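As given, the protein sequences belong to chains R and P, one line each in that order. Following our numbering, the numbering of the first sequence begins with 1 at its first residue and continues without gaps. Following our numbering, the numbering of the second sequence begins with 1001 at its first residue and continues without gaps.
I should point out that these hints are in silico values taken from the structure, not numbers from a laboratory. Keep in mind it's a predicted model, so treat the numbers as computed, not measured. Glycine included, every Cβ here is placed at the ideal spot set by N, Cα and C. Incorrect hints may appear among the rest.
[Stated by the list, open to error] In silico DSS-like cross-links for lysine-lysine, where the CA-CA straight-line distance does not exceed 30 Å:
hint : chain 1 : residue 1 : chain 2 : residue 2
1    : R       : 203       : P       : 1411
2    : R       : 154       : R       : 359
3    : P       : 1441      : R       : 154
[Unchecked claim] Stretch by stretch, here's where chain P covers chain R in the computed footprint (C-beta under 8 Å, at least three residues):
hint : segment
4    : 62-71
5    : 181-194
[As the list claims (entries may be wrong)] Some residues of chain R that are not near chain P, with every Cβ distance over 12 Å (derived):
hint : residue
6    : 75
7    : 163
8    : 202
9    : 270
10   : 304
11   : 472
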Amino acid sequence: MSSEATLLLALFIPLASTFFIVANHACPDWREGATLLSSLLLLGTVASLLPDVLAGGRPTVHLFEFVPGLTLQLTVEPLGMTFAGVAALLWPLNSLYSIGYMRGNHESHQTRFYACFAVAIASAIGIAFAGNLLTLFVFYEALTLSTYPLVTHKGTPEAMRAGRLYLGILLGTSIGFLLLAIVWTWQVAGVLDFTPGGILAGKIEGPAVAILLALYMFGIGKAALMPFHRWLPAAMVAPTPVSALLHAVAVVKAGAFAVMKVVVYVFGVDFLSTTGASQWLMWVAALTILLASCVALAQDNLKARLAYSTVSQLGYVVLGAALATSMGVIGGSMQIAMHAMGKITLFFCAGAIYTATHKTEISQMDGLGRAMPFTFGAFLIGALSIVGLPPLGGSWSKWYLLAGTADAGQWAMMAVLLISSLLNVAYLLPIAARGFFAPSTHDNEAGIREAPLACVVPLCLTALGCVLLFFSADALYTLLAPVAAR
Amino acid sequence: MIDHLPALQVVIPLIAAPLSALFRPGRAVWVLAMAASGLSLLIAILLLRQVLAQGVISYPMGGWAPPWGIEYRVDAANAFMLLIVSMIGTVVIVFARTIVEQRIRLPEHKQPWFYTAYLLCLTGLLGMIITGDAFNIFVFLEISSLSSYVLISLGRDRRALTASYQYLIMGTIGATFILIGIGLLYVMTGTLNIMDLAARIPAVSGTRTIRAAFAFLTVGVSLKLALFPLHLWLPNAYAYAPSPVTAFLAATATKVAIYVMLRFFFTIFGAEFSFNTMQLDRILLPLALIGIFSASVVAIFQTNVKRMLAYSSVAQIGYMILGVSLVSVTGLTSTLSHLFNHALMKGTLFMALGCISFRIGTASLNRMAGVGRVMPWTMGAFVIGGLSLIGAPLTAGFVSKWYLMVGTLEKGWWPVAVLVLLTSLLAVIYIWRVVEVAYFKPAPEGPAVREAPLALLIPTWTLALANLYFGVETSLNADVARRAAAALLGVAP
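Model the full assembly from the supplied sequences, consistent with the hints where possible.
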C-alpha cells in the first residue's frame, strides 16, 4: 500500500472505530474489543509510515479545497511522525487501562466515553499529520470539541464548571488569537503550508514578528503557557484515563507540537534567531516552568499536582522552541515523546491508586507503596524520568535542551532548567517516598491490594517504556535531525 | 422555452399563488406550492449555469426593448441570489405543511391561503432580484412585504399581530423612502432601467437631487435589511411568526434587501460615487460594528431561543454590511458568500427550533432542558447550524468568515478583525447556552417528548447537511461569490 493510502487509513481507523463503538452500545465486551482492536490497527498503520519518513519521504494527500488555494492537506514529516507515534503507541495501553478503570469504578456513559475518545485520537492524528496551518486549526478545534464531553463526563456541577472553563479558554484563545494569526500569515505570505525553513522570512519585519509570534503562542492554548493554563488543572475532574491520555499526551502535546510546528515550519528557526523575536517567549516559558512547579509543590491532590507539573513540563517544549537553536528544537521535540511516556505512567498510577483505595490526596497515601509495590515502583520510575535522571528517557530531552541553552548562550535559561529539575524532585519524589517508607495510617493497613490487572499491566509497560526510550534516543534523534537541519 | 427562463422564474410562483387559493385544504395545495417552488429552484440553477457559461442574460419583458420596456437582467450576482432564495423557498415549503396543519392561527378551510401568501412572497423576492428596472424593484418589494406581513401575523401567539403591525409600519416607511429615491432618480434622468440609470447618473451626480435620492434609498433599504439601528422590527417579527415563516424570512428577505442595496450602490450609483463622493463606507462601518457587537451581546441574554436567533440575525447582517464597507472584491465576496451561508445556517437553526417547539410547544430556553436526549436528530441539526453560525471550519460559516478576515486585514483594519473574532466568541456563548441546557440538564417531569416527525426532520437535515457540504465544496459559495462580487464592482474576476 502506498504511503498516501496509509496516511488516510491512519485518520480513518479511529473514526471508523467510533461507529463500531456506538453500534455495540449494548454489548460492552464487543465495544471494548473494537476500541482495542482499532488502537492496535492504528499503531500498526502509523508504524508502517515510519520507514518512508526515515528515508526522507514526505507523503502528502490533498483532501479538498476550503477556499481557492487553500486545501485540507495531510503531510507526514518527522515532527508529526513523532507525535503520531506517541499517540498511537499510548492509545492501546490507555484503552486497556480504561477498561480496568471504567469497570473498576463503575462509571456511567461508557459508550460516549469510548466514542469521544476515538474521535479525540483521530483529531490528534489529524493534528500530527496536518500539512498546513488551517488543517492544523481544523483538527485542533475538533480535538477541543471531542474532549469536552470527556472532561464533563461526571456531569456534576463541578465538572460542568470545569468544562466551561476548558471550552472557554481553549476556544477563546484559538479563535481569538490563533485564527487571527493564521489569517494574518495568509495575508502576508500567501501560503499556509508547513515548509522547512519557514514561510515568513522576508515577508514581515520589525515588532510585527514578535506580535505575530505572541498571537500564535497564546493562541495555542493547549500548550498551557501562562496565563492561559487554568483549563488544565480544571480539566482534572475528568476520569483518570482521560487525564492520562488527553492531558499528558493528546491534548497538551497537541499544543506543544503545534508550537514546535509553528516555530520550525512557519517562522523558521533562522528567522527567529536573527530577528530575536522569540526572546520574550523564552522568559514567559521560563516563568511558566518555575511558577507552575512552585504551585505543584503546594498541591495535596495528586492529580492537581501532576496537572501543574504538566504545565511546567510543557514550558520546556516552548522554551526549546524559543531558544531558536537546532539543539533546542530537538530537545523540545524529544520532550514531547519523553514527557508523554513519563507523565502517562504517573497518571496511570494515580488512577490505579484511586481505583484500589479511592484516595486522591497525597497526604492519605502514607504506606500505600508497601501494599501496591508495582504501582508505586512504576510511579518512582515515571517521576525519575520526568526529573531527567538516567537511565530514563527524560534525561535525553533535558540534555538536548541544556545543550540548546548553551548554544544560544542563554545561561539564565540553563539555570532555570536546573532549578526546575530540583523542583521536580521536590514535588514528585516525596510521593513515592511516602508510599514506601512512611508508617501506614490505621485505615491503610488492611485489605488494600493492587488495582485490577488491566490497570497495573499498562502502567508497568509505560514505566518500562521510560527505560526503553533512554536506549532508543538515538533512533529518535535520527528521525528528528532533518527538522533541526539549517 | 429556455429563452424565457427569466420570465418563468417569476411567473410560475406568481400564477401558482392565486391558484392555490382555489384549493381545498389538504395535501394537493401543498404539492402545488412545492412544485412551483421546486420549478423555480430548477430555473434558478439553469440560469446560474447559463450565466456562468455565457455571461449576462438580458430578457425584454413582452418584447419591449430596454430602456423603454421592463428588462430582466441576470448576471452572476443575481443568478446567485435567485439560487439562494428559491433553494430556501423549496426546502421551507416541505417543512411548512405539518406546521400549517397544526400550528398556525388559521381556521382549517383557510389554510390554502398560507400557501398563497407564501408563494406571493417568493414571487416578490425573486422579482426584486431578477428585474433590471428600478421601479419594478419597488413593485416586487411591496408584493413580498405585504405577503410577509400576513405570514408573520399567522403566528399562534397573539403578539404576532403587533409584531406584524410593527413591521408593517417600519416596512412601509422603508418602501416609501425607496419609492421617493427612485422617483428623484427618474426626475433627474428620465429613465428607470438600471443600466440606463447607471449610464446617465454620472452626468448629474453633482446635484443635490441625486444626493437626496441616494440618502432616501440608503435609509429605505437599510430599514428593510434591518441594519442597526433600524432593526427594531426584526426581533419581534421573527420571534412570533410561525417557524417556517421565520426560517424563510430570516434566510431570504433581509438577504434580498442587501442585494438591492448592493445593486443601488455598486451598479446604479457606482462604487466611485457611493464610497468616494458620498463616503458611505464611513457610515456603514461603524453601524455594522455596533450592530454586530450589541446584537450579539443582547442575544446572550435572551430567554426565548427564537428571539435569541433573531438578534443573532441582526449581528450577522452586520457582518454582511461590514463586508460591503470594505469596498473590495474580497470584502464583497465575503458579503455574498455570507448571504448564502447565513441562509443555510439560519434556515437550519430556525427549522430545528421549529421542530423543538412543535414538540414542546415553546421556544423558551428553560423549557428545553434535556431535549438533546429525547430529540437527538433535531438537536444534532441545531448543533451543526450553530457551529456554522460560529464559523467553525468545515462548515459553510467558516468560508465567509475567512474572507471577511482576509478582507479586513487587506485593508490593515486590525481592530476590526479582532472585533470580528471576539464576536464569534459571543456566538459561541449564546449557542452553547442552548447546547448545555439541551444536553446536560435533566429533562423535567411531565409527558414524554418524542423526536420530531420525519416531515420536519428531513428538510431540517437537508439544510444541515448543506452546511457541511458547502463548508467543504466551496465552488459555489466562494468561487461564484467572487465572480458575483467582481461583476458588482465591475472588475475582472
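Going down the list of hints, with the structure as the test:
For the given pair, residue 203(R) sits about 17 Å from residue 1411(P) by alpha-carbon distance, which is consistent with the 30 Å threshold. About 17 Å separates the Cα atoms of residue 154(R) and residue 359(R), which keeps this hinted pair within 30 Å; it holds. Simply put, residue 1441(P) and residue 154(R) have alpha-carbon atoms about 13 Å apart, close enough for the 30 Å limit, and the pair holds. As drawn, the segment 62-71 of chain R meets chain P at 5 residues by the rule of a beta-carbon pair under 8 Å; at three or more, the given contact holds.
Judged by the Cβ-Cβ criterion of 8 Å, the segment 181-194 of chain R is covered by chain P as claimed, because 4 of its residues qualify and three suffice. Non-interface call for residue 75(R) relative to chain P: holds, since the shortest CB-CB distance, roughly 18 Å, exceeds 12 Å. The Cβ of residue 163(R) sits about 9 Å from the closest Cβ of chain P, inside the 12 Å cut-off, so the non-interface label is violated. Under the 12 Å C-beta cut-off, the non-interface status given to residue 202(R) relative to chain P holds; the minimum distance is some 19 Å.
No beta-carbon of chain P comes within 12 Å of the beta-carbon of residue 270(R); the shortest separation is about 26 Å. Distance check on residue 304(R): its Cβ is at least 24 Å (rounded) from any Cβ of chain P, clearing the 12 Å threshold; non-interface status holds. At roughly 37 Å from the closest C-beta of chain P, the C-beta of residue 472(R) stays outside 12 Å, upholding its exclusion from the interface.
The structure is inconsistent with hint 7 alone, although it conforms to all the rest.
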